[in-house]
Amino acid sequence: DGGITQSPKYLFRKEGQNVTLSCEQNLNHDAMYWYRQDPGQGLRLIYYSQIVNDFQKGDIAEGYSVSREKKESFPLTVTSAQKNPTAFYLCASSIGGLAGNTGELFFGEGSRLTVL
Amino acid sequence: KQEVTQIPAALSVPEGENLVLNCSFTDSAIYNLQWFRQDPGKGLTSLLLIQSSQREQTSGRLNASLDKSSGRSTLYIAASQPGDSATYLCAVRLLRGSTLGRLYFGRGTQLTVWP
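Top line first, the protein sequences correspond to chains B and F. Using the numbering used here, read the first sequence as starting at -16 and increasing by one per residue. Using the numbering used here, read the second sequence as starting at 18 and increasing by one per residue.
Rather than coming from a laboratory, the hints here were simulated on the basis of the structure. Just so you know, these numbers come straight off a predicted model, no measurement behind them. We treat Cβ as the ideally placed atom computed from N, Cα and C, and that holds for glycine. Any given hint might turn out to be false.
These stretches of chain F come out as covered by chain B in the derived footprint (C-beta under 8 angstroms, 3 or more residues) [what the hints assert, rightly or not]:
#, region
1, 43 to 56
2, 60 to 73
3, 101 to 110
4, 122 to 128
Work out the full structure, taking the sequences as your base and the hints as a guide.
Rendered as structure tokens:
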């Protein structure tokens, strides 16, 4: 089945530790996104990538880092510099470019990070 | 910057009612508008996508309309069922020159349908 796989589903971290959330897609999509969701705040864009080896900061990139070495993969690292990392993290992807593209966005099932 | 507002924030109705969820946006230069459903602790599931040139889309008991000039979209749910209970989010994608722009999300409408 084609889709987006996020792992782990639940993650616990001690303060001061870096953690990496995995996002893999087999939809052959060029564009990938990371969002953070907090209760009452809606989805906020952390980073996005429209092509391999390129990515841009979203609205809340501080304390996070990403890489896009392969088309299928867009891992997110939550660093110790992120002051309030406890949240639900969602990865998404879509076809890049305009030609014949509906621009539809597809999501993974999310990863819940809790800092102890 | 695009602002997306969803009204109401929460809605609780008895089974069988027809519902209207509202979404408004400030920048009409959109590429598309997408409605999602989110169950607690889960990712977002795409329900309907309306291109900027379209006026409405239908899927089963769901119908979404788009009025770009007034910056509004509505999601109509016919004959609601308890299984429709979830949070419904709308998102607009902007067009930026020759590339797709980013999406902007509303905060969602939390729907509860009771038997």
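Hint check results:
Counting residues of the region 43 to 56 of chain F whose C-beta lies closer than 8 angstroms to any C-beta of chain B gives 4; at least three are required, and the coverage claim holds. Only residues whose beta carbon comes within less than 8 angstroms of a beta carbon in chain B count, and the region 60 to 73 of chain F has 6; three or more means the coverage holds. Chain B is given as covering the region 101 to 110 of chain F, and this holds because 3 residues of the stretch bring a CB closer than 8 angstroms to a CB of that chain, at least three being needed. Counting residues of the region 122 to 128 of chain F whose CB lies closer than 8 angstroms to any CB of chain B gives 4, so the stated coverage by that chain holds, three being the minimum.
Consistency with the previously given hints is maintained throughout, with no hint failing.
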